[in-house]
Amino acid sequence: MDINIKRIAELAKLEINEDESQKIFAEMAEMINMVSDLPELCNEQCDTPGMELREDEVCPSVYSRDELLMNAPETYNGCFSVPRTVKQ
Amino acid sequence: MMSLCDKTAAELHDMLMKRQCSAKEVLEDVVKRAESVQRKLNCYITYNENSLKQAEEADRMLAAGEGVTMLTGIPIAVKDNISTKGLRTTCASKMLEKYIPPYDATVIERLKAAGAVITGKTNMDEFAMGSASDTGIFGRVVNPIKEGFSAGGSSGGSAAAAASGAAVLALGSDTGGSVRQPASFCGIVGFCPSYGSVSRYGLIAFASSLDRIGSFGKNVSDTYFLHNIINGYDAKDVTSVRKNFSSELKDTLNGTRIGIPKEIFDSYMSEEVEGCISNALRIMEKSGAKLVTVSIPSVRDAVKAYYIISSAEASSNLARYDGVRYGHRSADASDISELYKKSRTEGFGVEVKRRIMLGTFALSEGYSDAYYKRAAVLRSRLCREYDEAFQHCDIIASPVYPDASISFSEPHKLTDLYSADIFTVPSSLAELPAISIPCGKSNDGFPVGLQLIGRKYDDGTVFNTAYGFELSGGTYGQY
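These protein sequence lines are chains V and C, in that order. Under this note's numbering, the residue at position 74 of the first sequence is numbered 74, and the numbers go up by one with no gaps. Under this note's numbering, the residue at position 328 of the second sequence is numbered 1328, and the numbers go up by one with no gaps.
Read the hints as simulated data drawn from the structure, not as lab findings. Among the hints, erroneous ones may be present.
[Said to hold, decoys possible] Examples of chain V residues toward chain C, derived with CB under 8 Å: (1) K6; (2) L14; (3) I24; (4) M28; (5) E30; (6) V35; (7) V58; (8) S61; (9) N71; (10) A72; (11) F80; (12) V82; (13) P83.
[Said to hold, decoys possible] Taking lysine-lysine and the DSSO-like style, the derived pairs with C-alpha atoms no more than 27 Å apart in a straight line are: (14) K1112(C) with K1085(C); (15) K1085(C) with K1286(C); (16) K6(V) with K1413(C); (17) K1262(C) with K1286(C); (18) K1146(C) with K6(V); (19) K1112(C) with K23(V); (20) K1146(C) with K1373(C); (21) K13(V) with K1098(C); (22) K6(V) with K1236(C); (23) K1441(C) with K1040(C); (24) K1286(C) with K1236(C); (25) K1094(C) with K13(V); (26) K1024(C) with K1053(C); (27) K23(V) with K1053(C); (28) K13(V) with K1053(C).
The structure displayed is predicted, hence computed values, not measured ones. Note that CB positions come from ideal geometry on N, CA and C, so glycine has one too.
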């Protein structure tokens, strides 16, 4: 089984250091081995019905800006704050 | 004399109506018990500081006779992945350790409107991922029956609280058995409703196509009272269904056809569990039920499909935790990419990371056809097999878990723990209602649960059959 742990971690936005890498590889291999022998069902379809969506209508928010920012780790001028995303 | 906290919701309701006790007295007794068992069992993460106010409000409702329901003045514990306005909701994760929801989940709104008293938020596996309530940051939940053993998971705190008198009723969530299995381990009743019958609005998502909010009670009628308050259509949940689920609880074992899936009973289960289940089936047969052998071949592969689908959905759902809007934020990130990675790496525990990695793999380019799509097709086939089986029976019986307990001291291989979910995940994938009801005990005194599964949206028959079993031979009151 070819499992590229670094690539999966990059996609999942997780850091895996070299010490953990082997252990995680072994666990991933164990899990993937468990789930990999699903029967071939190539002629069958997945018949999940679609969801009935409500109209996408704009309406006033029931929450204030302060309530929505209450749990933010860092805010600035009533906005979420993040590290600089463009280089100077 | 029996303490108030050891009584059922029905008994307390009766006493409250007759003014034999007040909601405040009931709460005080429950809190006293909760505090006395907390060090041993570790049921709670956060107590509700407003519970006394809620009890006083319930007493006002009872005195005025206005809006009184079966739950008015009844202390209820809530799993810590169900949003409670102003009350910390952590999912037992460092990621949400300081998170205070700005809104109530729909089920909480319904409990409050019914006059229920919320005791606090219960301990669980981190983000509900686990089966022993031992993956969260607040420590493991211990089984009230015996120290050194798990209360089950992932809703172990809710189950242990309801079983020990640290709450009268409790809410949990069930993605692959997380209400039914701890109910079985703790010797109480746990109900997982049809997908769509209880709103998921405000339930912090693990795997959205599988997550359901379930109810715990000491017996079937208590569990039914709680479910009856929380179920119903909700426009805020796009998967909510417009069906009327309420019905009167009836003992309907006589003439009920109980399906016995041969693939389930061919699977490994301990002798003790097998003995308890066989005995329960004999009791039901004596009470007029008819046992019918049915076949659901895809249950053998259900665990594989479940872990692919649930992990895939988890990897997508948990992508929202990026350290920006809420949740843990790393202190030493120099750019936005590092902020995401470090915040997630520091904030999530080992089991959550494992599942995110598995889900990311199953959805990644080159692998999604072999894994995710095959799992989704197997899920469809499983649903068709259940439909066929329900042509020949009204209810399907099965164990809840292969063993009566999980010891904290024995090492468990990861995939063995996953595979042990074989009895609960098939009905999760098929979105069916299912209940766990005590039916006996192991040699070591651990309770064993019988699982009864119904047709989709036929939650009433599940309750009625469980009620019939409880009256004719269940073990309620023996623990």
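How the hints compare with the structure:
1. K6: violated, 11 Å
2. L14: holds, 5 Å
3. I24: At about 7 Å, which falls below the 8 Å cut-off, the nearest Cβ of chain C leaves the hint on I24(V) intact, so it holds.
4. M28: Interface hint status for M28(V): holds (6 Å vs cutoff 8 Å).
5. E30: holds, 5 Å
6. V35: holds, 4 Å
7. V58: Cβ of V58(V) sits 16 Å from chain C, so the hint is violated.
8. S61: This interface hint is violated because 11 Å lies over the 8 Å limit.
9. N71: Interface hint status for N71(V): holds (4 Å vs cutoff 8 Å).
10. A72: Because about 6 Å separates A72(V) from the closest Cβ in chain C, which is inside the 8 Å limit, the hint holds.
11. F80: holds, 5 Å
12. V82: Where the cut-off is 8 Å and the nearest Cβ of chain C is about 6 Å from V82(V), the hint holds.
13. P83: Given a least distance of 5 Å, the restraint on P83(V) holds.
14. K1112(C) with K1085(C): At roughly 11 Å apart (the allowed maximum being 27 Å), K1085(C) and K1112(C) satisfy the hint.
15. K1085(C) with K1286(C): Answer violated: K1085(C) to K1286(C) is near 49 Å, above 27 Å.
16. K6(V) with K1413(C): holds, 24 Å
17. K1262(C) with K1286(C): Between K1262(C) and K1286(C) the Cα gap is close to 21 Å, so the pair holds against 27 Å.
18. K1146(C) with K6(V): Roughly 43 Å between the alpha carbons, so the hint for K1146(C) and K6(V) is violated.
19. K1112(C) with K23(V): violated, 47 Å
20. K1146(C) with K1373(C): Not satisfied, since the Cα-Cα distance of roughly 43 Å exceeds 27 Å.
21. K13(V) with K1098(C): Since the Cα atoms of K13(V) and K1098(C) sit roughly 22 Å apart, the hinted pair holds (cutoff 27 Å).
22. K6(V) with K1236(C): Judged against 27 Å, a Cα distance of about 38 Å means the pair is violated.
23. K1441(C) with K1040(C): holds, 22 Å
24. K1286(C) with K1236(C): violated, 45 Å
25. K1094(C) with K13(V): With a Cα-Cα distance of about 17 Å, the restraint between K1094(C) and K13(V) holds, given a limit of 27 Å.
26. K1024(C) with K1053(C): OK: K1024(C) and K1053(C) at ~9 Å, within 27 Å.
27. K23(V) with K1053(C): violated, 50 Å
28. K13(V) with K1053(C): violated, 43 Å
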